[in-house]
Amino acid sequence: MGRRLREALRWGRDQLSGTPTDTPELDAQVLLAHVCGTTRASALAWPERLLSVHEAKMFRGAVERRARGEPVAYITGLKEFFGLNLAVDGRVLIPRPETELMVERALEYVPEDGDGRVVADVGTGSGAIALALASARLSAQVIATDTSSDAIGVASENARRLLGAEWEARITFVHGAVLAGLSGPMHVVCANLPYIPTGELATLPVSVRAYEPWSALDGGPDGLNATASCSGRWVERLRRTELC
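The sequence shown begins at 1 in this note's numbering and counts up one residue at a time.
In case anyone wonders, no lab produced these hints; they're calculated from the structure. For every residue, glycine included, the Cβ atom is placed at its ideal position computed from N, Cα and C. Wrong hints could be hidden among the right ones.
As the list claims (entries may be wrong) - Pair ranges (Cβ atoms, derived):
1) Leu-78 - Ala-45: 42 to 50 Å
2) His-54 - Arg-161: 19 to 27 Å
3) Arg-4 - Pro-185: 22 to 30 Å
4) Ala-41 - Arg-10: 16 to 24 Å
All chains, full assembly: derive it from the sequences and hints.
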């Protein structure tokens, strides 16, 4: 591998060709920009820049990890979602771009000046949905739950970093059962729950099945276990008028 950015990018692309990634050139650009502490645009704009020995070593290691199938987001430790740079690792599912549609839909029910609106995110994972809602609606109160204490830890750190000192006043994280911590009126409830049938997990791309937490993927025999559980408990609470 050459020491110039142009040469390193070419090497990275060649190393990733024929591996589990469908975007070897893009992945090489993102990883190189990450180890250099810059943006893709900057890395591409200065192809003659020399890599330090440390940067070259980091890039080689990052490319080797990607070649084995590890997601780029876990290698860089970051994933952009709804304009936010979320920290992610193997404890949480990597937020998908399609999930932004859920945020957009939820925001339709929470006016910008809707002080006192309560919004819930069930199965928060990295906190992607909850933090997107909290960032877009500064007056809303957000409750985010997850059955994984590891996920709650990641989401809390993201909240602390992205929302600053006021994060605890604007968002509450609850570790527990599906609807844990939800009581009283709720204006919007979002739930992006596991939906992959257990029998299909082994057929997922290696970047998913070998690296992302199965607890965030496994939806039971028909993929609907978590959804059915959440729906059943929700209906029961509605009958007791606890949430509306």
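Here is what the structure says about each hint:
As the Cβ distance of Leu-78 to Ala-45 is approximately 21 Å, the hint placing it in 42 to 50 Å is violated. Look at His-54 against Arg-161: about 25 Å separates their beta carbons, and that is inside 19 to 27 Å. Distance hint for Arg-4 and Pro-185: a CB-CB separation of about 60 Å, inconsistent with the stated range 22 to 30 Å. The hint said 16 to 24 Å for the Cβ distance between Ala-41 and Arg-10, and at roughly 18 Å that hint holds.
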